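Colleague: Counting in the working numbering, the first sequence runs from 13 upward without gaps.
No wet-lab data here; the hints were simulated from the structure.
Keep in mind that the hints are not guaranteed to be accurate.
[Claimed, not checked] With a Cα cut of at most 27 angstroms, we get these calculated DSS-like pairs of lysine-lysine:
#1 Lys31 - Lys61
#2 Lys138 - Lys184
#3 Lys184 - Lys172
#4 Lys172 - Lys61
#5 Lys27 - Lys133
#6 Lys228 - Lys188
#7 Lys133 - Lys184
#8 Lys27 - Lys184
#9 Lys138 - Lys188
#10 Lys138 - Lys172
#11 Lys27 - Lys138
#12 Lys31 - Lys133
[Unchecked claim] Across the chosen pairs, the derived CB separations fall in these ranges:
#13 Ala74 - Asp222: 39 to 49 angstroms
#14 Arg23 - Gly214: 38 to 48 angstroms
#15 Gly105 - Gln30: 37 to 47 angstroms
#16 Arg223 - Ser120: 20 to 30 angstroms
#17 Arg71 - Arg170: 22 to 32 angstroms
#18 Arg112 - Glu183: 32 to 42 angstroms
#19 Phe99 - Glu70: 43 to 53 angstroms
#20 Leu83 - Thr157: 31 to 41 angstroms
This structure is a prediction, so every number in the text was calculated from the model and none was measured.
Where a beta carbon is used, it is the ideal one built from N, C-alpha and C, also for glycine.
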Amino acid sequence: MNNRQMVEVIRLLEKELQKRELPIVSQLARERRAPFEILISTLLSLRTKDEVTAAASERLFALASTPQEMLRLAEEEISQAIYPVGFYRNKAGTIRHVCRELIVRFDSRVPETLEELLTLKGVGRKTANLVVSLGFNGLGLCVDTHVHRISNRMGYVRTKTPAETEFALREKLPAKHWSRFNTLLVAFGRNTCRPVSPLCSGCAVAAYCDRIGVTKSR
DNA sequence: AAAACGGGGGC
DNA sequence: GCCCCAGTTTT
13 MNNRQMVEVI RLLEKELQKR ELPIVSQLAR ERRAPFEILI STLLSLRTKD EVTAAASERL
73 FALASTPQEM LRLAEEEISQ AIYPVGFYRN KAGTIRHVCR ELIVRFDSRV PETLEELLTL
133 KGVGRKTANL VVSLGFNGLG LCVDTHVHRI SNRMGYVRTK TPAETEFALR EKLPAKHWSR
193 FNTLLVAFGR NTCRPVSPLC SGCAVAAYCD RIGVTKSR
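Given the sequences, and given the hints that come with them, work out the whole structure.
Modeller: Written out as structure tokens, the structure is:
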């Protein structure tokens, strides 16, 4: 698959996912959110389903919407609010730590660069890229397992690891498509282009897919 | 490179 | 029961 085809795939997925109202849910919600809310909800999302994360985020933001307010909450209060996302000590602790850092080091704001975001403990490559991409409409390319799998399955790249995929995509895919690309592929990967038994019949972009590594499909 | 962090839901 | 989930840090 070449570049022009991949851009067409992005266009088709955009149309398809809107038409069928497939659950991009919290992703689309996040795009309208303040960077602080994107940062916090992304921290909540690690190894946790998106719907669970979305509901937990709402409950937490109802209690506190700024770093100062959130830092006033005890770890126990945060844990209670975000149930049942799991990783409570981890996530509640990280949230308080990040809030404190934002206040002390960044004038109570969320930093806008990948480098600065990565200095926050608990914020890794994917979280930082999402904040840049969705929070500041910047150039963030976040390669998770969905993006990695589908990029290879369609034959757009040939890579072993998500890190290699990120590098390859940064070289190959025009930056203006990055933000929508990862958002769309994650939604697509959950619903249609699943890890096993992808729903190939009726897939909107089947014509552009090489189906590499797909053995069983429906 | 692998383990640990944690709980719900799908199958 | 087993495996997976918009991951990151520590060993």
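Colleague: Each hint should be assessed against the structure and marked as holding or not.
Modeller: Here's how the hints hold up against the structure:
| no. | hint | verdict |
| --- | --- | --- |
| 1 | Lys31 - Lys61 | 23 angstroms, holds |
| 2 | Lys138 - Lys184 | 19 angstroms, holds |
| 3 | Lys184 - Lys172 | 16 angstroms, holds |
| 4 | Lys172 - Lys61 | 25 angstroms, holds |
| 5 | Lys27 - Lys133 | 38 angstroms, violated |
| 6 | Lys228 - Lys188 | 34 angstroms, violated |
| 7 | Lys133 - Lys184 | 31 angstroms, violated |
| 8 | Lys27 - Lys184 | 23 angstroms, holds |
| 9 | Lys138 - Lys188 | 18 angstroms, holds |
| 10 | Lys138 - Lys172 | 18 angstroms, holds |
| 11 | Lys27 - Lys138 | 26 angstroms, holds |
| 12 | Lys31 - Lys133 | 39 angstroms, violated |
| 13 | Ala74 - Asp222: 39 to 49 angstroms | 46 angstroms, holds |
| 14 | Arg23 - Gly214: 38 to 48 angstroms | 18 angstroms, violated |
| 15 | Gly105 - Gln30: 37 to 47 angstroms | 38 angstroms, holds |
| 16 | Arg223 - Ser120: 20 to 30 angstroms | 49 angstroms, violated |
| 17 | Arg71 - Arg170: 22 to 32 angstroms | 43 angstroms, violated |
| 18 | Arg112 - Glu183: 32 to 42 angstroms | 38 angstroms, holds |
| 19 | Phe99 - Glu70: 43 to 53 angstroms | 18 angstroms, violated |
| 20 | Leu83 - Thr157: 31 to 41 angstroms | 33 angstroms, holds |
Hints 5, 6, 7, 12, 14, 16, 17 and 19 from the earlier list are contradicted by this structure; the remaining hints agree with it.
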